[in-house]
Amino acid sequence: MKKKIALLLVAAMTVASLAACGNKETETPATAEAQTEEAAPVEEEAASTEEEASTEEEAPAEAAVEGTVSVFYYTYGDTYISSVRSALDSAFDAAGVAYQDYDSNNSQTTQTEQIDTAIAQGTSLLVVNQVDTGSDDTTKNIIEKATAAGIPVVFFNRSVSEDVVTAYDKAVFVGTDYEMAGHMQGEMIGQYLVENYDTVDLNGDGVISYVMFKGQEGNAEADARTQYGVEDADKILKEAGKEALSFYDSNNSDKYLVDKDGAWSAAAATEYLQTAMSQYSEANNNMIELVIANNDEMAIGSVTALQNAGYNKEDGSATVIPVFGVDATDAAKDAINKGTMIGTIKQDAEGMANTIAQIAQNFMSGADKFADVDSANVVGTWRVNIPYATYTGE
Amino acid sequence: MANNNLKAKQQAFKEFSTKEKTKKITDLLLNNAMYIIIILAVIYVSIKVPAFLKLPSIVNVISLTAAKLPIALGIGGCIVLTGTDISAGRVVGLTACISASLLTTTYKVFPSMTSAPPIILVLLLVIVTGGLVGLVNGFSVAKFKLHPFIVTLSTQLIVYGIILMYLMRGTNNGQTLSGLTEEYRSLITGTLFSIPTATGSVAVPKYVLYSIILVAVMWVIWNKTTFGKNMFAVGSNEEAANVSGVNVSKTIMMVFILAGMMYAITGFLDGARIASANANTGLNYECDAIAACVIGGVSFVGGIGRISGIVVGVLLLQIIFTGLNFLAVDANMLYIIKGLIILIACAIDMRKYLVKK
Chain P
54 MKKKIALLLV AAMTVASLAA CGNKETETPA TAEAQTEEAA PVEEEAASTE
104 EEASTEEEAP AEAAVEGTVS VFYYTYGDTY ISSVRSALDS AFDAAGVAYQ
154 DYDSNNSQTT QTEQIDTAIA QGTSLLVVNQ VDTGSDDTTK NIIEKATAAG
204 IPVVFFNRSV SEDVVTAYDK AVFVGTDYEM AGHMQGEMIG QYLVENYDTV
254 DLNGDGVISY VMFKGQEGNA EADARTQYGV EDADKILKEA GKEALSFYDS
304 NNSDKYLVDK DGAWSAAAAT EYLQTAMSQY SEANNNMIEL VIANNDEMAI
354 GSVTALQNAG YNKEDGSATV IPVFGVDATD AAKDAINKGT MIGTIKQDAE
404 GMANTIAQIA QNFMSGADKF ADVDSANVVG TWRVNIPYAT YTGE
Chain G
2 MANNNLKAKQ QAFKEFSTKE KTKKITDLLL NNAMYIIIIL AVIYVSIKVP
52 AFLKLPSIVN VISLTAAKLP IALGIGGCIV LTGTDISAGR VVGLTACISA
102 SLLTTTYKVF PSMTSAPPII LVLLLVIVTG GLVGLVNGFS VAKFKLHPFI
152 VTLSTQLIVY GIILMYLMRG TNNGQTLSGL TEEYRSLITG TLFSIPTATG
202 SVAVPKYVLY SIILVAVMWV IWNKTTFGKN MFAVGSNEEA ANVSGVNVSK
252 TIMMVFILAG MMYAITGFLD GARIASANAN TGLNYECDAI AACVIGGVSF
302 VGGIGRISGI VVGVLLLQII FTGLNFLAVD ANMLYIIKGL IILIACAIDM
352 RKYLVKK
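Quick mapping for you: the protein sequence lines, in order, are chains P and G.
Going by the working numbering, the first sequence runs without a break in its numbering and finishes at 447.
Going by the working numbering, the second sequence runs without a break in its numbering and finishes at 358.
Just so you know, these hints were derived from the structure itself, not from any lab.
Do not rely on the hints blindly, as some may be mistaken.
[Said to hold, decoys possible] In silico BS3-like links for lysine-lysine, alpha-carbon gap of 25 angstroms or less:
{"id": "1", "chain 1": "P", "residue 1": "295", "chain 2": "P", "residue 2": "308"}
{"id": "2", "chain 1": "G", "residue 1": "109", "chain 2": "P", "residue 2": "391"}
{"id": "3", "chain 1": "G", "residue 1": "25", "chain 2": "G", "residue 2": "8"}
{"id": "4", "chain 1": "P", "residue 1": "399", "chain 2": "G", "residue 2": "109"}
{"id": "5", "chain 1": "G", "residue 1": "339", "chain 2": "G", "residue 2": "49"}
{"id": "6", "chain 1": "P", "residue 1": "308", "chain 2": "G", "residue 2": "339"}
{"id": "7", "chain 1": "P", "residue 1": "386", "chain 2": "G", "residue 2": "109"}
{"id": "8", "chain 1": "G", "residue 1": "10", "chain 2": "G", "residue 2": "20"}
{"id": "9", "chain 1": "G", "residue 1": "49", "chain 2": "P", "residue 2": "313"}
{"id": "10", "chain 1": "G", "residue 1": "339", "chain 2": "P", "residue 2": "313"}
{"id": "11", "chain 1": "P", "residue 1": "366", "chain 2": "G", "residue 2": "207"}
{"id": "12", "chain 1": "G", "residue 1": "109", "chain 2": "P", "residue 2": "366"}
{"id": "13", "chain 1": "P", "residue 1": "308", "chain 2": "G", "residue 2": "49"}
[Unchecked claim] Ranges of calculated distance between the beta carbons of each label pair, as one might list FRET restraints:
{"id": "14", "chain 1": "G", "residue 1": "348", "chain 2": "P", "residue 2": "433", "range": "55 to 63 angstroms"}
{"id": "15", "chain 1": "P", "residue 1": "336", "chain 2": "G", "residue 2": "335", "range": "25 to 33 angstroms"}
{"id": "16", "chain 1": "P", "residue 1": "257", "chain 2": "G", "residue 2": "63", "range": "29 to 37 angstroms"}
{"id": "17", "chain 1": "P", "residue 1": "390", "chain 2": "G", "residue 2": "195", "range": "30 to 38 angstroms"}
{"id": "18", "chain 1": "G", "residue 1": "44", "chain 2": "P", "residue 2": "190", "range": "43 to 51 angstroms"}
{"id": "19", "chain 1": "P", "residue 1": "307", "chain 2": "G", "residue 2": "37", "range": "24 to 32 angstroms"}
{"id": "20", "chain 1": "G", "residue 1": "213", "chain 2": "P", "residue 2": "366", "range": "21 to 29 angstroms"}
Just so you know, even glycine gets a beta-carbon here, dropped at the ideal spot from N, CA and C.
Kindly produce the complete structure, drawing on both the sequences and the hints.
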């Protein structure tokens, strides 16, 4: 009996491990063991999306360029990065470029080691979504490795500093003007409030009390969004002759609540807001009248807490506390279209992916690095900014 | 009778010398340190912010405690076996994602689906999923004699990989799962009963009831079943348990399977409670759960622990977090305070153990 169980288990584990390591028909070099367990799903996923494309790829590959692109994502767990990943995978597939994806799993050490492995395997281009944004040394380190191997680096999404990137002529950064998201969110909030001031001001005291959910400490984007999301809204309110926003808890000198795990998570926002609403409510005449979140995860988490407390119902039967996010994830767009959330800032995942794919091909075919890239978005010789857009429903 | 007993105790106490008296009192204080800390914390916070002791706030603390209880109840068993389980958070994530992907109105993970399956079926499915991970954990610990830390470290990674693949299925593209069915959400977060207050009413969510049921079930399992007694026997001394006829391997496997099931229930509840599930769901949940167990006197020494202790541990952590939030304490301080509490709790726990020796 025991032996049978043992056999079954071993069989199950073998099947599981086979499934994870299967589908090696992508150009994955044989040394995949070095890339830790997280890399396994990559191949699986890349392979499945590639099934149709692989036939053309194996054919003489007319336009295809030589070599393999290695793409390093800071984590597969990030919703927005997942959108970029699927868009970039299909952009490379369409262009017939061979590529390999890596999950750095939120660890700069892992990422740096993965880069070493990829260079050792003879990759011809690095596409890096750096984990540590605050560190120039990390960027320098990666660029040194690329210089030594004589291959180009395309940094994307998480910001790297200008002087480090410009020091190497084969390095570029495809990002967003990260402060823009905060500015645009602030403007959107300001305009919405000016138009709906009396509806939003539930207790009619002439001041809107708000809560701000910050995704993470020590992240430049989170800092900018936390600051400008309120500052720019205040500016517009002042021009319209209204009072500036006021943080719901006057004792909190930070004027934000931050996810303790730094994961920008929905759960953190739900729990914070639930706790806050146990003290601040319409019954006490001090209800929170506006929710600003650094990203859509936290915005959705806030909507959940509000719904549990009887607000923001989908059928429109209850008071709607305006909730604003950033990212324009599918879930947030759904919520906005259902009226349970007001607005978000769209990061253009496809635009970013297509630009990266274009630059990668330019490097590999020896063309000018910014050839066929929208010149309005090009900043100097080192970066391309993918513009943001507001999203308030269809 | 009880009165006599008390008098006898008083009499006995009086007969002690002063030195013994102080020792007895310090013992009493230290043995109940956690309760004393809870009471002091509540008093302090409610003096600073009176709203802390108002009904809405109490209901909030209770419901947050209830949400975090099942995972702690599961992990408690692993700690009693002198082990641990760091795969817990990821199992919560996986089961939350499975629940959210099936009980949905958008069908992104399974595009061919046209309606959500019955809730009870999904609940059973996730419990089986959690149980399977538990089985792999328990089997490896029992049969390969591996330390639970290593085993669950491996399964944690494996489960995370599965979550990522699962979220890439269908048309979902790794996006957050939302758009849950109304039945699912109202089954978990719907109102159990409302308490009227002067200015309206406060709703208690249904998952509080489920947590209470789970506590009762786990109490019976730990205290009234042969399995429960075997678990403590294996935890205090594996060799001795083996010699006295306890099936050690089976007991270890069952503890981990039971734990996996509890994580699955946590995931099922969390899917609806947060109403969105993604690859980050459940991240680091095991840390708080382990901390709560240790604070509640479930000892890493093995074979020691009570369900009531786990409830107190979870409640204490929640009161501290909520209290610090009410006091608008800097978020950075939270880590330091949490670390200190765990350290002190463990020190007191070890002291009790050393005294016994």
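What hints, given by number in increasing order, does this structure fail? Nothing - there is no hint that the structure violates, so all of them hold.
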